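Dock chain to chain to rebuild the complex, using the hints, since each chain is given by itself in its own frame.
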Amino acid sequence: MTAARIGLPTALMHSYYRSFWKPFFEELGLEVIETGPTTKAILNKGIRYSVPEICAPMKIYTGHVLELLDQGVDWIYIPRFVSIRKGDVFCPKFLGLPDMLKHTIPDLTSKMVTHHLNVKHENIACMKEYLEIGKLFTSNYRKIKNAVQTGRKKWLEFRKYCVLERYNCQTANGKVFTGKPALQSDLPIKIGVIGYVYNVYDDILGMDIISRLYKLGANTVTFEMLEQGEIDRQLRGYKKRLFWAFSNKLLASAHQFFRDATIDGIIHVTAFGCGPDSFLGKILEINFSQSPKPFMTVRVDEHTGESHLQTRVEAFIDMIAKSKNFKE
Amino acid sequence: MKLTFPYMGSTIIYQKLLQLLDHEVIMPPRPTQRTINLGVKYSPEFACFPYKVLLGSYIESLELGADTIITSGGHGPCRAGLYSEIHLKTLRNLGYHVDMIVFDDIYHYPKLFLERLRMIKNHKSFLQLIRAIYTSYQLAHAIDSLQKFMEIKQAYELEQGAFAKAFEIMRQKFAKAANTVKDVQCLQREGEMLFSSIPVHEPPESQKVRIGIVGEIYVVIESSINTGIAALLNKLGCEVTRSLYVSEWVDHALPRFIKKSDTAIIKNSKKYMEMGIGGHEIHNIGHMIHYKEQGFDGIVHLMPFACLPELITQSLIPKISIDLDMPILTLAIDEQSGAANTLTRLEAFVDLVRNHKLQKAG
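As they're listed, the protein sequences go chains A and B. In terms of the numbering used here, the first sequence opens at residue 984 and continues consecutively. In terms of the numbering used here, the second sequence opens at residue 4 and continues consecutively.
Read the hints as simulated data drawn from the structure, not as lab findings. Bear in mind that the values here come from a model prediction, so they are computed numbers and not experimental data. Check each hint, because a few of them may be wrong.
[As the list claims (entries may be wrong)] Taking lysine-lysine pairs in the PhoX-like style, the calculated list, with each CA pair at most 20 Å apart, reads:
(1) Lys-322/B - Lys-270/B
(2) Lys-1085/A - Lys-176/B
(3) Lys-1085/A - Lys-273/B
(4) Lys-1005/A - Lys-1111/A
Next comes chain B alone, as it looks inside the complex (with noise of 0.2 Å):
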């Protein structure tokens, strides 16, 4: 069985997971614009833009000779819980031989879930099995916490590429030494150092601009595909917090008695939204009230084309724009994007953000 999974993020975390299980695992490269071809060739026309990404990805990993993929499954009302299903179907009938391992929701199937942890737990006992989820949940912590700092500091960087340098060094160690707790903690500590020890020239408090990314889970995590939106913004010096990382995501489906997830802040959108529905809605709009009560400058909305949940929070944001008095700039991203597109869109939005500032204070 060579495993294989979807890619999104620091890809490294859950080959870790795999390899602490005694797994073969097939590293799926990062999407590159061959990637998105081939999702976007074998996909529906209208299917959200992470499916056709994970799409091409799933075949660049087969190509290289995975025959199981891992993945999360759902159960709606957002397209992204039947992605498994129709990719799987998609695949046969391109000819691969592929097996799928869905985890669904635990509360909604927990044989089916307890029977997929047999699966993925090989030879190893329960207990091992426990110690290696969480040991790549605190690598998960630890990687998203390196990349906070990074991406805040970045903005400010005397030599560019310093940081983007070091985290890629971080990055690496972590893939090689990262085996128990102890070892991410250690890891942790050294990347806090070297990032500290990186130049930087902060502009005093009045001049910092800094910026919100909230939207949909992929194309807010993955830079691949969002065309480097954190790095871009970095380059025009805005400090940049995104709403959803790896860690956080993870310690969103986790149950209420393990992890308290940041239920105060979606709490705060009860009056754009009565209810969830489906996606990361009531999360976003939460976050662009957190996001001003926090003294940021602007907010950048991300979103794949034809996204159903995002084009309801898409609707609602020329209101609460006006109502926070802050500056929200969506970008729906897809197979058509472009970096140049991006960038522009991005610079005249900066600019924007930066008059707003200084009309403000007088």
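In isolation and in its complexed conformation, chain A is listed as follows (with noise of 0.2 Å):
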């Protein structure tokens, strides 16, 4: 009997977890399916089946989860973001998730596989999450136990790598899972980039923005390479933080980033339609309106053509470049 096949859409929370959620579900004696990059038709099969007016992660995922449907996996992995943090929560667009691809992608409903992550630190790989889920498949506690302890192992690895190595989200699952190093090397110019992963990694939305920048002369860093207490400390002086869980990392990033002498420019990069974004952007825009930094927003979506980001991008750099040599 061949292995049961199960399809991990590879959009929104995907490469975050990847290195969790990969090995979990290999461990128990499933074959793991990745739809990989996002590809136009992709993103055309996910516009079709969702409302015109959502984000465009959101168009993505369910491209995602109807490129699996295509390829005829028995299982499709869908779960319910609802909170990694005390206090924290995740857009209402997580939490509503399974629900809608439920309701608007037919014959899904059998295949899905949902339970809600409610907890309490980033490491969502616990057994009181995802014991319900091992037991869709096996009914071995102890295989179940393992499969977890093996990808939390991968996860705390990658987590090793954002952190202290300073890899980003990409390069790290790249380390993580081909042993691949990350092109490193030292470049006169150093860019905070503040985005979610579902949008900076995406092939359509993000277009590869940080191989651009490294293109130009310049390393990025990005808000994986702060751990939790870091950017609990960033966070300090709100009365009241953001609800949204990687909105607030966002936040706390860029907080970082702004005070870190040896970074020289931020860029935004924010999606069509990102509610929380919006009232991130404008927090960011009063809260650092005195600060000398370039800041910049890029927002993108489904019909940014990859001109225009490069436009941007290398004006951007040039700018930082001319006022680094004047200083000079």
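If you want it as structure tokens, here you go:
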């Protein structure tokens, strides 16, 4: 008998938790199918099945789910992110995601594997949440526990590369799974990129902004390189933090980047129709209006052309390079 | 301290409460195009529409001399809970000297809540505070019950505008004379009499068209920004019932032991949505099912453009519409909505609803 195949849509939180999910399901004896980078075809599928106004990442996720259905997998794992820190929640769209997909995509209900992810720490690998998922595939308690532990180890390794060795989400995943080290060289410019993993590392939305910057002679830092303790420290001054887990991470990283003298400029990558980012952007705009550091917001959606991004990024880097030369 | 508050629904309720506590109140003007333009100018592009309108409305009240804004808070995941923070930042950034008294969830911040209560109770005793709150609570219920009555009967008025005129008369009377619970009750009876004396022509039961309105609270309640959708539907000869009124919103926020809100209706939504996601989505879906059970003919779903929770509801609507065999129209409202657009879509929708009803009748 061949192993049952489970599909992981390669969108939204996937790149952040891939190093946990993939080994976890593999340990359970399943074959893991990933949809890979977003393509135009996947995006178009998603657009057909979603409400026009909804944000681009959600359309892309829908597209990946449809792609998995077309590939004929047996299961599709669609978690419902509720909270990964006490007091923080996720955007309402994440909370309603499984309901939305279940009722918009026909034939999904019988294949969907879902559960509430409601934990106190961003390390989601715990038995409380994953026991019921494991039970769908095996009745062996020890096997499930083993799978969770294997996954947790991989994920912690992933976080270790991010926090200690300054890998970003993409390169850290590469390092964990293939052992390939990240390209690192001493470049003259350092840019802080603020953006959710599903925008920055998506091929269609982010259009590989990180390597674009690299080619232009700029190293990048991202929010993944901050650990949770550091994030809470940065946000101590806020009477009321934002509600959304990853928006808080972005806000904290923005504070860190603006304070860090080695960072020359900051780019905020946001998707069309992102609610949390609309407020995050306003807070950044007001809080750092006095800061001398260049700050740029790039809004992307499914229609954004590559040349638009390239031009803006180039102009931004040119400006920084010039002002650096001038100072010297 | 010159107080003002967000403009939503019948503002005399909040005005009354603050006046009973001897505060100086600056009434926010009814939102107009200028309000919306002001709000849009200083808001992030993708902020939700109520955020923009309220910002514009605050600026107008501040121009009139207010210096303190009373508003409600929240704890997510809907963006509305952060309005106060960002509004305050923006207003101060624009150079206004303004304070905000924010009422956050009593369960999350009980100490803060009491402190805020002390701030607005002025020199009055807690007993007087409770009495004032109770009076305005009754006032909200009285006004809403008149409005409910109006939105049904207005569809059949013989002389156009008769109900609107009567409602305006009553509103002024409430504003002037409703200072105790007894006054409120008297005025409510007076209003009911006045309303029943308005001549109407009711068609036979089989020809009546009943429309339910559900959606995000601000665009459902505030007629100045939803292009007066209830009145428009009335004009097209439809009875209208809304899922949200100010008084019901208050009931909803009250602790269980004081008032049981419509939990049975909300339970209906379990089939479509496992958990509440921060807005009124389970409430709305529950009401859609409830309207079907009540024999309504169509539902209009209102949402501000890019509202996070309502987008999920909107995604579910095609399925719900098929399951319930009920026409449902979603209207997204923002600074670009025009009255002509809304009217055209409503006319087409009402035609469809009538046909659907005829077909079902055989």
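To see whether the hints hold, each was checked on the structure:
no. : hint                    : in the structure
1   : Lys-322/B - Lys-270/B   : holds, 18 Å
2   : Lys-1085/A - Lys-176/B  : violated, 51 Å
3   : Lys-1085/A - Lys-273/B  : holds, 13 Å
4   : Lys-1005/A - Lys-1111/A : holds, 19 Å
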